[in-house]
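Number of protein chains: 2
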Amino acid sequence: MAPTVEGGDAALLPEFPRGPLDAYRARASFSWKELALFTEGEDMLRFKKTIFSALENDPLFARSPGADLSLDKYRELNFLRCKRIFEYDFLSVEDMFKSPLKVPALIQCLGMYDSSLAAKYLLHTLVFGSAVYSSGSERHLTYIQKIFSMEIFGCFALTELSHGSNTKAIRTTAHYDPATKEFIIHSPDFEAAKFWVGNMGKTATHAVVFAKLHVPGDQCHGLHPFIVQIRDPKTLLPMPGVMVGDMGKKLGQNGLDNGFAMFHKVRVPRQSLLNRMGDVTPEGTYVSPFKDVRQRFGVSLGGLSSGRVSILSLAVVNLKLAIAIALRFSATRCQFGPTQEEEIAVLEYPMQQCRLLPYLAAAYALDHFSKSLFLDLVELQRGRASGDRSARQAELGREIHALASAGKPLASWTAQQGIQECREACGGHGYLAMNRLGVLRDDNDPNCTYEGDNNVLLQQTSNYLLGLLAHRVQDGACFRSPLKSVDFLDAYPSILDQKFEVSSVADCLDSAVALAAYKWLVCYLLRETYQKLNQEKRSGSSDFEARNNCQVSHGRPLALAFLELTVVQRFHEHVHQPCVPPSLRAVLGRLSALYALWSLSRHAALLYRAERRRSCPGRRDRAS
Amino acid sequence: MAPTVEGGDAALLPEFPRGPLDAYRARASFSWKELALFTEGEDMLRFKKTIFSALENDPLFARSPGADLSLDKYRELNFLRCKRIFEYDFLSVEDMFKSPLKVPALIQCLGMYDSSLAAKYLLHTLVFGSAVYSSGSERHLTYIQKIFSMEIFGCFALTELSHGSNTKAIRTTAHYDPATKEFIIHSPDFEAAKFWVGNMGKTATHAVVFAKLHVPGDQCHGLHPFIVQIRDPKTLLPMPGVMVGDMGKKLGQNGLDNGFAMFHKVRVPRQSLLNRMGDVTPEGTYVSPFKDVRQRFGVSLGGLSSGRVSILSLAVVNLKLAIAIALRFSATRCQFGPTQEEEIAVLEYPMQQCRLLPYLAAAYALDHFSKSLFLDLVELQRGRASGDRSARQAELGREIHALASAGKPLASWTAQQGIQECREACGGHGYLAMNRLGVLRDDNDPNCTYEGDNNVLLQQTSNYLLGLLAHRVQDGACFRSPLKSVDFLDAYPSILDQKFEVSSVADCLDSAVALAAYKWLVCYLLRETYQKLNQEKRSGSSDFEARNNCQVSHGRPLALAFLELTVVQRFHEHVHQPCVPPSLRAVLGRLSALYALWSLSRHAALLYRAERRRSCPGRRDRAS
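Heads up: the protein sequence lines correspond to chains V and X, in order.
The first sequence begins at 1 in UniProt numbering and counts up by one.
The second sequence begins at 1 in UniProt numbering and counts up by one.
Simulated from the structure, these hints should not be mistaken for laboratory data.
There's no promise every hint is true.
Pairs involving identical chains hold if they fit within one copy or between any two copies, as the list cannot separate such chains.
[Claimed, not checked] Think about it this way: if two alpha-carbon atoms lie no more than 30 Å apart in a straight line, the pair counts; the simulated BS3-like pairs of lysine-lysine are:
1) 499 / 532
2) 168 / 537
3) 83 / 532
4) 234 / 48
5) 234 / 537
6) 33 / 537
7) 102 / 146
8) 202 / 98
9) 73 / 499
10) 73 / 249
11) 73 / 202
12) 234 / 532
13) 537 / 146
Quick caveat, the model's predicted, so the values are computed rather than measured.
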């Protein structure tokens, strides 16, 4: 990722137009062009420029920020724009394999333009398309070509009105009828209606529908994906037996048509079953390469990690946009000053700096994390594609699941809080729709909810860590993971004996210091959570109760601190590589230290309490 | 406020319709009717019922939540509804004097229906109307009657495009011309355009315009309010020389038409000056009962405290609505459970309880605070109206200013965070517009900004406390204030010597415990802030710099902790009155303890650090 062109070329990185920000820009201690080249690389900058130039020059993408667009009009426009993106064909399959980071980069560029467009495109290609590709078999390849030509338009229908997080409780059924060699897709009642499905409201012709598969004799083989035509592609009228509609206005992302669907004994051919993890013979016998239901279920939902990684990167986009808006405003807006006559830019106030600059640092650190996690995911997917069934491949899947399950919460919450802070930091002007902070907040909001509610997801990460510790305690196993994110935990007893030995503020301005504190904190939280969990169980709680009783006070902070540590670690290593241009080292080091210290400071009470317990081991807090 | 009717009557408090919440309602340890009577009193319940019944039965107030209403249509509807509220004449002037709490109750009822309606009504009556009444003189009484009949419709134009918080930098001018006995109102450039003025965008016919008053010889007497006609009441066309328009879409409150205006040498009669604090004789001589410009300025902005108290109560309304929606959803939404078959309500999860219940407690505590502060404000205004110029009256003004300046931030932020938590706690369903959490969030948002940015306002409160401490240190004065909110500080040296002596969790379930900790915390923060400020000044900082450098780390937490303490104190006293029905004591005591402990817990790091410093007085944190 080292810059390949000294200083960049003028066409790729033109000067900013002159304006009120010039004075601040002139004071920069580094070259922004060099930073852009280091952060993105020249090839990626060219790729993004191609996309932005196309959108800028195409009247279909013209818009008036803050305009009063009706819901229907907005949804229609967004569909037309999505179609146009396919026509532009920005990314060839070869390019995708050569530079996999261009996939999230494309989605991020669309997200910078409009979250609804990114979501619509992503849902059709990477969610619907990937589900067909990865859960289907050769007989489904015909769909793939139609997906890319937009002959069919797709959606991914898992969630139901009454069940989202608890996917095992999903109740749509698919009964196989050997007489006609068809599956009968059916919604038993309105609570089993598919719900919230993006693209389903107005535009999808096909859906990947998750339903419980039954073969004759009423044996249930659990949730399986089926490709079901829900609308006529010519008229967009619903297919017989399908009741489908739009869910109406949402807080944001209103260009996206989220929908619901109920199926009344809809018959689909046997071949509609996406049969990679299990199939039904024409006679009605269930066959599967996987031995047990849980393993099958895991495979069928394996695609969710990629959804979470995409969401993580879209949350980072929202944060980037918001912080750029707020910092530029703060550098030009003057209010009060040392004398009645002289006013100063609000960015000069320590209060404004404390409110905004940590989010600038967070945008850099999380952006890097999001890219690096995407590359890890590519490694995992390549292993899957090549049929790798090694223990390492399985471990990699679990590790990425744990990182994505806490990464999505951390990024979406950081963006949520950051955008809110930016909105408030811009005062009244931040409340005007045309200044976009409201749209960013509203569009970012579902990132906290979909593909798993943030608080529910964090349990996946704390459970992963607790499982590793149990394995170590009970079987003497080492902490080892393919991406090495847990390896440091192997030394947890000695880490917990360490003391914080920094004597000046200046010393803290190296992210290595915060990193050491984070390692201590994660070891501490892991041990405490493990003890608390066992104590709950000893006092008679079921596993379910015990985990619930530990999550608020222990599991949640453990998962978040572990992920913050991982983000800090990766960014710290990134900015301390030998290839970092010398002129950028200072500013990148400061960003890294700022993000690390700011994140760590939110655990200050925990650190103080832990120190207190250590200095008096027999003494707990009086009120505990 | 004790209940006046045992158990209430059926018409006033009818049973809830039967439904899925019955099971939870049956488990309540208290009678909700008794709680409603205790919290509101029968007379107030009747008053609110009258308002809600009128709105429910009037087709003009019918609506479809989540509907896709155009901006123009919404603004028009909101104006018609505002007019209808005047026609209903819910509150007579006599009633207002007899039961002043009915004023905020009316605004709160309108806010429960729609924030835009509450804002529109409030801006016309309590902001525009009060400004004319309190800043004008007998010659302006003719306007008052027209305000209540809505013959004229008003707005309050103080903020300009480039200056909001820094009111002294406002630049609209009013030059007196003795030849025609007129003032010439003029906007020197677009940065001096009046901006963000609620009601100005489409509907106001008159504005109270703040402008710098100049008399011949170009002597400037500072900011004064003028009543200026900006539109023809019949045609709504702008008056000559006035350029007025709507600011367009906002993040929320889109029923309210915020506007801008520029004045091009607009001539208004001499009598347009609202002359309570200063007047100009026909010949052009400036006369004022107040000696200096700062004192005059203080009087002309005195009305802002009442604005802040109104905002506080509207923020509480938003929080109440959100928490009711989220708790009801959580009690009916089931997800996961101890076994595959049995699902439990999400409200049963400790995570959901920890997310939501503190905001329920906050709603009760802040609601009580908002009412009690309003009554304090009434006392202040009655003193002003009766011409009280005593030292106590002045002190009361300063104390209420300090309480309102931190009360608005605390309430608006608590509502902001609470609504966001409610939105997320309702998962995808919370993201659907018709479930209202988005509207509440968007409508609450400007509460953090208008009538003073929250962070800027908090300085008013910390400065008030620092001023009192300086007075004590330098002159040996006592901490004494009319409402006694600072009196405890008089014992700060001995409070700081106290130790936290509670030995069990059970003991903490009395808000007196948190209250004692809060007193210690506020004393500690006050002393630290004072020392830090003096240290900054000794090291050469100007007063301006010194305050800025102290605000983030010291002044801000001081102001917030002081206000939280005040809220906790008042609610604690309220729920421990002898008149509290015995059957409500337990639940009210728990709400009080929960709010107090939850608020206090956010200062945990500070408490630990302070204890650490105390146990080793010579030792500071290593990194400080």
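Intra- versus inter-subunit Cα pairing at 30 Å for residue 499 with residue 532: both (24 Å within a copy, 29 Å between copies)
How would you label the pair residue 234, residue 48 (within, between, both, or neither) given a Cα cut-off of 30 Å? Result: close neither inside a copy nor across copies, 34 Å intra and 55 Å inter.
Regarding residue 73 and residue 249, is the shortest C-alpha distance of 30 Å or less found within a copy, between copies, in both, or in neither? both (13 Å within a copy, 17 Å between copies)
Up to 30 Å between alpha-carbons, please classify residue 102 paired with residue 146: within, between, both or neither. Within. Shortest intra-copy distance 22 Å satisfies the 30 Å Cα cut-off; inter-copy 65 Å does not.
Same-copy or cross-copy closeness of residue 234 to residue 532 [CA-CA at most 30 Å]: Neither, since 59 Å and 72 Å both go past 30 Å.
Copy assignment of residue 537 with residue 146, given that the CA separation must stay at most 30 Å: For residue 537 and residue 146, the Cα distance exceeds 30 Å both inside one copy (53 Å) and across copies (72 Å).
For the identical chains here, do residue 73 and residue 202 meet the 30 Å Cα criterion within one copy, between copies, both, or neither? both (12 Å within a copy, 26 Å between copies)
Can you give me the call for residue 168 and residue 537, within, between, both or neither, at a CA distance of at most 30 Å? within (25 Å within a copy, 64 Å between copies)
Between copies, within a copy, both or neither: which fits residue 33 and residue 537 at Cα up to 30 Å? neither (57 Å within a copy, 41 Å between copies)
Intra/inter-copy verdict for residue 73 and residue 499 if alpha-carbon distance must be at most 30 Å: Cα proximity of residue 73 and residue 499: none, with 61 Å in one copy and 65 Å across.
First find the shortest C-alpha distance between residue 83 and residue 532 inside one copy, then the shortest across copies, and answer within, between, both or neither for a cut-off of 30 Å. neither (53 Å within a copy, 60 Å between copies)
Up to 30 Å CA-CA - residue 537 versus residue 234, copy category: Cα proximity of residue 234 and residue 537: none, with 59 Å in one copy and 76 Å across.
In this structure, the hints that do not hold are numbers 3, 4, 5, 6, 8, 9, 12 and 13, in rising order.
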